[in-house]
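Q: Whenever a hint applies, use it, and build me the whole structure from the sequences.
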Amino acid sequence: MTLTPTVKRLLAVTASLAMALSLAACGTAKTGGEAPGHRITLTITADKGWDENSTPAIVHIKGLDEDNASVDFYHAVKADKDGNKGTSEVEVDKGRYDIDVISPVNKDGSAYELFDTGDATEVAISDEQDEVTVDCQMTFISADKVTDDMLKAIVTDTKTAVENGDSTLKGDNGKAILDKLDNNVNANPNASDETKEDASKADEEVNVDSEPADTTSKPADKPSDGNANSSSSNSSSSNSGNSNSGNSGNSNSNSGSSSNTGNSSGSDKPSKPAHQHSWKQHTAQKWVSNMVTVPDYETQKVVVGNRYIFAHDGYTTDNINNAKAHAKELILAGLPDNYRTETIYEEKQVQVGSHQEDHGHNETYVDYEYCDCGARR
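Take 1126 as the starting number for the sequence shown in the working numbering and just add one per residue.
If you're looking for bench data, these hints aren't it; they were derived computationally from the structure.
Once the Cα atoms are required to be at most 25 Å apart in a straight line, the calculated DSS-like pairs of lysine-lysine come out as: (1) K1210 to K1187; (2) K1321 to K1270; (3) K1232 to K1173; (4) K1426 to K1473; (5) K1270 to K1411; (6) K1277 to K1232; (7) K1270 to K1284.
Here are the computed distance ranges between Cβ atoms for each label pair: (8) I1456 to Y1422: 44 to 52 Å; (9) K1411 to D1334: 50 to 58 Å; (10) I1434 to S1414: 51 to 59 Å; (11) K1405 to T1212: 29 to 37 Å; (12) N1487 to T1424: 32 to 40 Å; (13) G1296 to E1177: 13 to 21 Å; (14) T1166 to E1494: 27 to 35 Å; (15) T1418 to P1314: 47 to 55 Å; (16) R1502 to S1414: 23 to 31 Å; (17) N1487 to T1166: 43 to 51 Å; (18) E1330 to E1177: 22 to 30 Å.
Keep in mind the model is a prediction, meaning the values are calculated, not measured.
All C-beta atoms, glycine included, are put in the ideal place defined by N, C-alpha and C.
A: Listed below in structure tokens is the structure:
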């Protein structure tokens, strides 16, 4: 099943599977009658730019149910050899999970974003299924468009992830990721000196050699049979511990459980809070049309009347009745009454047609919300 992805991708993965109480850790051999583990398959794709020189996409997985409330870890997904795609599997218990994705940073300082980071998406798995697939598609942001705030958030989140990660973020893996983070952030033209220094000192602030985080519930959260419920990374160390102490009797098994208790208390230490989106509004303008009809005018000479000019005495009038009266007076006096007529013109603005004009206006609106980490919705 494919889910709508995000830069900081929030998904609720619900597994409604009937599962045995004893669950072997991911990547280790199953023993006796133990039930097979449930998997989240993570497939991360980018439109361009993501390769072996980039930091990985880091997935934050947090349990939402009472039985898996202790599950809170990070898992790195590297780009494959062909680039722009990475796939990884994580073994978990049944239940619901929140999944966030932290953007990689490429060699030139570019990064990624995705839209629609709204409500969680719930995925249901039937009893016959043991796997859910989460697809996340990342959209490239060129280095010059990646802001210092985005880089700062990625650095902070990556340090938190390495500190609280599984085996993909510990030891040499964690060191390599922090080295790439340092180099790639420093390559970005918008990175501030403070952000560059924060990336450079990340390896001094984060313990990459601490115990990897559990990917399955701790014994305190659910009935347990020995060490079967430990994570893939801790199962390895616990098995090693049991091997050293021998496999003779229940006392050694309890000793192994004591080792797990140590790991549980280690994972109970206060961890850096996961990044919370701080949404800001991004505005844009759009044209609101308002079409109107506009008349077209031009200047023309327009006839406004006549002028009457008498030949005998030069009498002039533009009133026909006055002209008739004056002619009568001349006749009675025995004088000639002839006159000439001239047309009177005036220049006026005359409508000769019309045309359509858009008398609209620009309107500001919120086109999306964004977080400085690069997420959008």
